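> Residue numbers (the numbering used here), protein chains in the order written: chain Y, -10 to 232; chain C, 11 to 196; chain B, 3 to 218.
FYI, nobody ran anything at the bench for these hints, they're computed from the structure. None of these values were measured; they are calculated from a predicted model. Careful: at least some of the hints might be erroneous.
Only part of the chain Y face toward chain B is listed, based on derived beta-carbon distances under 8 Å [what the hints assert, rightly or not]:
#1 42
#2 50
#3 64
#4 77
Taking lysine to aspartate or glutamate and the DMTMM-like style, the derived pairs with C-alpha atoms no more than 20 Å apart in a straight line are [what the hints assert, rightly or not]:
#5 117(C) x 69(Y)
#6 191(B) x 134(B)
#7 194(B) x 46(Y)
#8 19(Y) x 2(Y)
#9 76(C) x 95(C)
#10 175(B) x 222(Y)
#11 76(C) x 222(Y)
#12 174(C) x 166(B)
#13 194(B) x 30(Y)
Don't be surprised by glycine CBs; every beta carbon is placed ideally from N, CA and C.
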Amino acid sequence: MMRESIGNSSISDEALAAYFDGEATEADAKAIREAIEGDPDLVAELEQLGVMQELTEASLQAVAAEVPQARFEQIWDQIDSAIEADTSVAAPVETPANLWERLKAAFAPVKWPLAAAGAAAVITVLAVGPDDSTEADGTDPIAKGETNKAPATPSVSPAQDGVPTPDTPPSHSPTPMNPDSRLAHGPSATEAVHPLAPLPDDSMVELHEIDGAGNDVRISNSGTVTVLYVEEDAQDQGSERSL
Amino acid sequence: MSKARHSSLVLGLLTAVLAPASALSVGLISPAAAAAPAAPKAKPKAKVAPAKAAATCSVFAVLASKEAGELPAELSFLAEKLAGDEFAAYKSFSLVDVKPLPLVLTKPGEVSLKTGHTVGLTLLEITPERLELNLRLTGREGKQLLSTRYGIKDKGLLMVGAGKYTDKGKNGKVFVAIQCSLPATR
Amino acid sequence: MASPDADDQELVAAAQGGDRRAFQTLYQRYERKVYAVAYGFLRNQEDALDVVQEAFIKVHRYLPNFEGQSSFYTWLYRIVANLCIDHIRRSGRKRDVEFDDKIRHDGAGESSAKLIQIAALGNPAEAVRNKEILKAVRESLSQLSDKHRSVIVMRELQGLSYADMAKSMECSKGTIMSRLFHARRNMQKLLKERLEYEPRDPAEASTDSVNQEAAS
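With the rest of the complex left out, here is chain Y (with noise of 0.2 Å):
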């Protein structure tokens, strides 16, 4: 932490920063206000950081002021559209017979087979990070290793150290909402949606795809159930987010 003091001053120029800022601690504030009075290296400081504030936000207000306001109405009509699909109801497109098919053969998915206790699960593992579940009670959920799975699909980048990273960046296209999901809330939702069907005794989740927006995804299957583990959370990753 940067301790250099300003003029005579026992301020750091971090603590400057703060109170200007408007982020120092209530002590650090008190004794900062006490300080200014009569050390003009102190308010010259100040100063600088207001002038340099407020040139920043000039000089990019005034290239914001270059840009014709037609594409911004440009942009606006993107929005509106997005948003018009958003809360409009297209009539189903009729997909091709065979497209399961066609998805099978060109994808070769990891299959998970999700079977009755006693049979051997198959496990993949992309990513292995720090969880809860580990350091709870020492045992770790996710084996780890190798499996006989099948190829990644092209559309997931080869992994190095099998760690996933994405390939092509999120789509920017939006996700439309339902209104009529939107609408759902409160006890009667809740009654229609229970009891809820019977989960089958096994299923098979097959993942053709898988985007953790440059974050690691951990796939868990103890047996029972798929489990994607996505970072969240800060402390989820191991250390700070590379830019």
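Please build the complex by placing chains C and B on the supplied structure of chain Y, with the hints as guidance.
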């Protein structure tokens, strides 16, 4: 002239550069101008009869906690799954939210859960007793967490372990569970 | 007169109720600000416009989730920052190389009062000079590393809190403070280098160049 020319950097530069009435008006749009709305274009709303659902999905948000507790009645359908090794670290579970999501072929549907997550599902293909779906999970503040295309048996369950959450004072981890059923007539 | 924030909340509430015109008003209110932020991050007009579009589509999609716990523009700016950071990460154009920050900006903090030369006041060339200054600021910003530029944009333009910035960049608050410190110092040094060698008039130009030679 000396390079080390003393400059009253603040006041002079601010006055010179940032005076609203002066040079910056060369390229800037004032906030007032920016806020003035353009004439909105009238667009008729599409009126299309809703299509019959090709599959009915249920999206559950389940909180798995290390605090002690009993399995509530509304989660009894998951009892066998939650008793497995996968969830051995957790001592209690609670249902935070459940949303129905009827799907028609190729038409994306979406639900927002109380946990702040948004689940997008698209039914891509149906064969006897199997469904092909695209799942998109988005976290709080719009952060995309997962996009996956998968095939699953009718009424099969897929779960996604997401981030930390607190529900009614209980801390834990959110699991999003998705089950899709084909109509009974199939 | 309603405060801008209260006004936003009214528009948001209307948009949440399906009022497309209200949402369009929100868009028009923030279109250029969002663009300015995105341009600050990405330094490219088309990429920045893409982010404007993506951001508002996302905002509309997540409107039901917005419960007013923060102001609308703070929520919007967080979405924009996340989109820009994702964009930089995906584009492969990122500059990971961090200069040795301490060495790079050594000297910039020696005397803050000497940093930027004053622009001449009250003369016809003022408008041109100010445009040059803003251009120099923009170029200096562009020269920063992605991480430094990101914190500068998030703080100086978006006014995001350290906590929000830490969340977007997935690092600690302490890292943000340190990063911001170095970013500001680097920015000042770059700007100083750009501005202090621009002569005001030919007479000064020749004098300046003589002094520079003497000083080096």
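> Does each hint fit the structure? Answer for all of them.
Each hint tested on the structure:
A distance limit of 8 Å between C-beta atoms decides the matter here; for residue 42(Y) the minimum to chain B is near 5 Å, and the interface restraint holds. Below 8 Å, beta-carbon pairs count as interface contacts, and residue 50(Y) has one with chain B at about 5 Å; its hint therefore holds. About 5 Å separates the beta-carbon of residue 64(Y) from the nearest beta-carbon of chain B, less than 8 Å, and the hint is met. For residue 77(Y), the suggested interface contact is broken, since its CB lies about 12 Å from the closest CB of chain B, more than 8 Å.
A threshold of 20 Å between alpha carbons decides the hint, and for residue 117(C) with residue 69(Y) the separation of about 18 Å falls inside it, so the pair holds. A hinted pair counts as satisfied when its Cα atoms are at most 20 Å apart, and residue 191(B) with residue 134(B) qualifies at roughly 17 Å. Proposed proximity of residue 194(B) and residue 46(Y) is supported: the alpha carbons are some 17 Å apart, at most 20 Å. Of the supplied pair hints, the one linking residue 19(Y) and residue 2(Y) holds, its CA atoms being roughly 16 Å apart against a limit of 20 Å.
For the proposed pair residue 76(C) and residue 95(C), the alpha carbon gap of about 14 Å is at most 20 Å, so the pair holds. Between residue 175(B) and residue 222(Y), the direct Cα distance comes to roughly 15 Å. Compliance with the 20 Å bound is thereby established for this hinted pair. The straight-line distance between the Cα atoms of residue 76(C) and residue 222(Y) is roughly 18 Å, inside the 20 Å bound, and the hint therefore holds. Distance hint between residue 174(C) and residue 166(B) is fulfilled; the C-alpha atoms sit about 18 Å from each other, no more than 20 Å.
Note on residue 194(B) and residue 30(Y): the hinted pairing holds, with a Cα-Cα distance of about 19 Å set against a maximum of 20 Å.
When held up to the earlier numbered hints, the structure conflicts with hint 4 and nothing else.
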